[in-house]
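Line by line, the protein sequences give chains C and P.
All the letters of the first sequence, read from the start, carry residue numbers 1 to 511 under the working numbering.
All the letters of the second sequence, read from the start, carry residue numbers 1001 to 1479 under the working numbering.
A few of these clues could be false.
[What the hints assert, rightly or not] Straight-line distance between alpha carbons at most 30 Å, and here's what the computed DSS-like set of lysine-lysine pairs gives:
(1) P:Lys-1285 to P:Lys-1433
(2) P:Lys-1096 to C:Lys-210
(3) C:Lys-170 to P:Lys-1145
(4) C:Lys-26 to C:Lys-170
(5) P:Lys-1433 to C:Lys-170
(6) P:Lys-1155 to P:Lys-1285
(7) C:Lys-26 to C:Lys-461
(8) P:Lys-1189 to C:Lys-71
(9) P:Lys-1283 to P:Lys-1392
(10) C:Lys-302 to C:Lys-210
(11) P:Lys-1026 to P:Lys-1155
(12) P:Lys-1155 to P:Lys-1145
Just so you know, these hints were derived from the structure itself, not from any lab.
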Amino acid sequence: MGILSWLILIPFLTALAVIFTPDSKKIRWVALIGTGIHLVVTAVASWRYLELIQGNFDSKALFTQLQMTEKLPWFASLGIQYFLGVDGISMLMTILTSIIIFTGVLASWDVENRAREFYSLLLILVTGVFGVFLSFDLFLFFMFYEVAVLPMYLLIGVWGTGPKEYSAMKLTLMLMVGSALLLVGFLALYHGSGLHTFDFTQIATVRFPKEFQFWVFPTIFIGFGILGALYPFHTWSPDGHASAPTAVSMLHAGVLMKMGGYGALRIAVYLLPDGAKDWGLFFMGLTTINILYGAFGAIKQKDLKFFTAYSSVSHCGMVLFGVASLNMLGFKGAVYQMFSHGIMTGLFFSLIGMVYGRTHTRIISEMGGIAKVMPWLATCFYIGGFASLGLPGLAGFVAESHIFLGGFFGNVWSDITVMRILTILATMSIVVTAVYVLRGLGSVFLGPITDHHFDGLTDAKLTEKLCTGILVATLIFAGVFPIFMGHMIEGSLVPILNRLQASGALAAIGH
Amino acid sequence: MNIFLPELTVLATGLIVLIYDLFAIKKDNSKFSTYFSLLGLILAFVLVALGDSGQALGGRFAVEGIEPWFKLIFLGSSILTLTFTAETFTSKAQEKLNHPAEFHTMMLFSITGMMFLVSSRDLISLYVSLELATIPLFLLAAWTKNIRSGEGSLKYLLSGALASAILLYGFGLLYGLTGEMSLAQIGPKLTANPALWLAAGMVLAGVGFKLTLFPFHMWAPDTYESAPTSITAFLSVASKAAGLALFFQLYYRVFSTHTLSFQFIISLFAAATMTLGNVVAIKQKNIKRFMAYSAISQAGYLMMGFLGTSHESTASIIFYLLVYALTNLTAFAVIVHHTHNQDDESIEGLRGLSLSHPILALIFMIALFGLAGIPPLSGFVGKFFLFSVAAKSGYYWLVTIAALNSTVSLYYYLRIIRQMYIEPLNPQEHPMKSSGLFKMGLGIGVLGSVVCGLIPMIYEHIDTNTIEWLSTLHVLGMK
């Protein structure tokens, strides 16, 4: 069994270990050790991946290939395989998920109500996420996709706050409508290709008829778009994130929504390039609304979690915006943004959980000046906020600059003027983001302490410092050395671009 | 002679149980009849699993290709049903079942009928075995002997008799058109003419009754609600499987040259059945009635398999039937256990089950997710294959409807899961004691409904058998 299987198995085995741990006080330790091991294995796998592509740098063909593949026949008569592999994009997403689940366990250190079920569901959920990022067989992909989405219902319904049943049901059903669309689209790909295989590296060798692509592309793109909070299908996201417990919000906004962007790029655009050309501009328009609507929505929010959820809608819109702009810069920006937004929202939601645990309120106007009593948390919050408004030196800047440059450069299949207008509109969101981030954080943390109840509050504990510290460090690292991400993903974006260009010429790789 | 052995075993077991009861000294012999029936069924199960294919009675009785799978499903589901019925013979609740020996005999006779149904090769034995399968079920549905159960059973009897009559009329027309009784001989002689379509419509109505297809489903909710819960389980699985076996016989043998002309009608039936079942299930408060509508929608999904034109389609139907039987019986095991211990059939009665009985709640959740078609459970895999069959034949509109229906169904399955996991504990909950037999049946059911989708062997085996089976049949347009 290869290392990729282990990447999927470790969280699952940890979930089993959690279920069978006799002492309920030790459960969190079991979960922490399991996810810690996973982090180490992920590091080893990424190191190996970098080595492998380093060796192949000169021969560009190998450079773009899948690495460390594992193939086993499964339902052989239907062409279903257990097919794992990794390329730069999935490697990066695996790193992201591994970091988020590790910090997520730290952030939910205080969960005591039915902790056994909580941790095991959380771990089963990430098992699905790792499966999605590492599988290259449509059937397997879909299987893991739903495993990742469904535990959310119980996680929000049982451990959530506020109108949790409503939010949990809304979220689950909307996402399931998305997977229903995906199911139809995947079956169309399977039967349309005529290859009798679900292996999508093979399906990618087929050029589907234009008419076929015209209908299947939006089906799949919207299917993923629902998870990626595409306007107007984003409405589950604020409710869901606001009701979810801390670690679940972190995972959901940080990782699950990325599965939407990942799938849109990896499956919709890659397999159906002509459909992407027809629909690119339309989806750019929708995502522009996304970006602006989310940003303006965030200004008006009174609850910190809703505030972050709307800002997530805006930032996830940027991911899909980058994907829809159909060029190297846009794709690169989209992948950067998935990573940076994942870390950033993870940080936000964990901090909100920590602040709420102390002040027992998430309403912005009820807090004030609490930076005096919790300087660590305030500092981390500000760093996250700066990343979110795209301050250079942090991960958000790298991502957003690529996305907007990509949108402005345009592509040969869409009207360049419209693309530029949309990009300019979308870029305005940076200003709006600055307004809501600075105003929101200012009124929560700065100024005199408004409520004397806050006087005696403590700053972050060790586990909380570790959790936020890891996330902040990653944000800064990715902002200062974006090259490590670029190095990973460039080669993997080439096949997607090649499919887009009918001639099949190797696209320029910008270093 | 050899190939009759499983049928004869089941029949003999039924007779022995009945005769033993006549001479039994002890008054309560539910233990003996349960274990003896189980023994007979398991023996028959093994005999079917090990048995060869072959013919007897001048080709009027045959076992070929996938037919053992049907028999295994009948036998397996009755074994599972008996494991969780045993408790209700000693129950103190309203639902207490009396006369265990007769109960088991009736069930065994019904299964004998189903098994003969699969292997019959002419119209008369087909019809007789169908009646043998159905008539004991009318009695079983009335077993609790109260007004409600009687009403449900009467409804079942009347509409069942009507359906049989219509089916018989259809058979009569088929005989009139061709002058043949043998299923294999009728097929090639049928030519397209109005009388054929009339016969086909009548046959479809008769089968639709058994399979609870819209609009022939009307009896199901009332009967399911009022019958003893274990009989509800049996009706929703074994009886449905028998209906499907009947349809297999008629569709692939008698109408083998006209299957393509049925496709569009079948797609309409499938769409209407799954949508109706799902939409009405949302509003149900009684868990048995709820399961009735859920079972109706599942029949809609099953019909999608008939749209295909290759061996995959037939294999997916059998595979889904197997998966559905395991999953639905697992769900029913929990329902039987819960309703007879709590004397409460409402969905709300399940609230807080995860707090008082975590394992039972977990198993019920797995079964419900399986019915909803959530990966990695086998319910998902089976449904996926069926959807794939419809997609292959170009019925994308139906696949879309079916996929959206799955979402709707998830809503109502989640409603139950919400009661079990999110709502606080039911203060009036009685303690529940479960017997070893019940635990064993539950374990087999849940294990099967998880594993069937993960290991490919079962599906591949069915697929191989299907190819073999279809090669003997000459169905037009089937590869």
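To see whether the hints hold, each was checked on the structure:
1. P:Lys-1285 to P:Lys-1433: Distance of about 25 Å is within 30 Å: holds.
2. P:Lys-1096 to C:Lys-210: violated (64 Å)
3. C:Lys-170 to P:Lys-1145: Judged against 30 Å, a Cα distance of about 44 Å means the pair is violated.
4. C:Lys-26 to C:Lys-170: violated (34 Å)
5. P:Lys-1433 to C:Lys-170: violated (37 Å)
6. P:Lys-1155 to P:Lys-1285: With Cα atoms ~21 Å apart, Lys-1155 of chain P and Lys-1285 of chain P stay inside 30 Å; holds.
7. C:Lys-26 to C:Lys-461: Given that 30 Å is the threshold and the Cα spacing comes to 19 Å, the pair holds.
8. P:Lys-1189 to C:Lys-71: Judged against 30 Å, a Cα distance of about 50 Å means the pair is violated.
9. P:Lys-1283 to P:Lys-1392: violated (34 Å)
10. C:Lys-302 to C:Lys-210: violated (47 Å)
11. P:Lys-1026 to P:Lys-1155: violated (36 Å)
12. P:Lys-1155 to P:Lys-1145: holds (15 Å)
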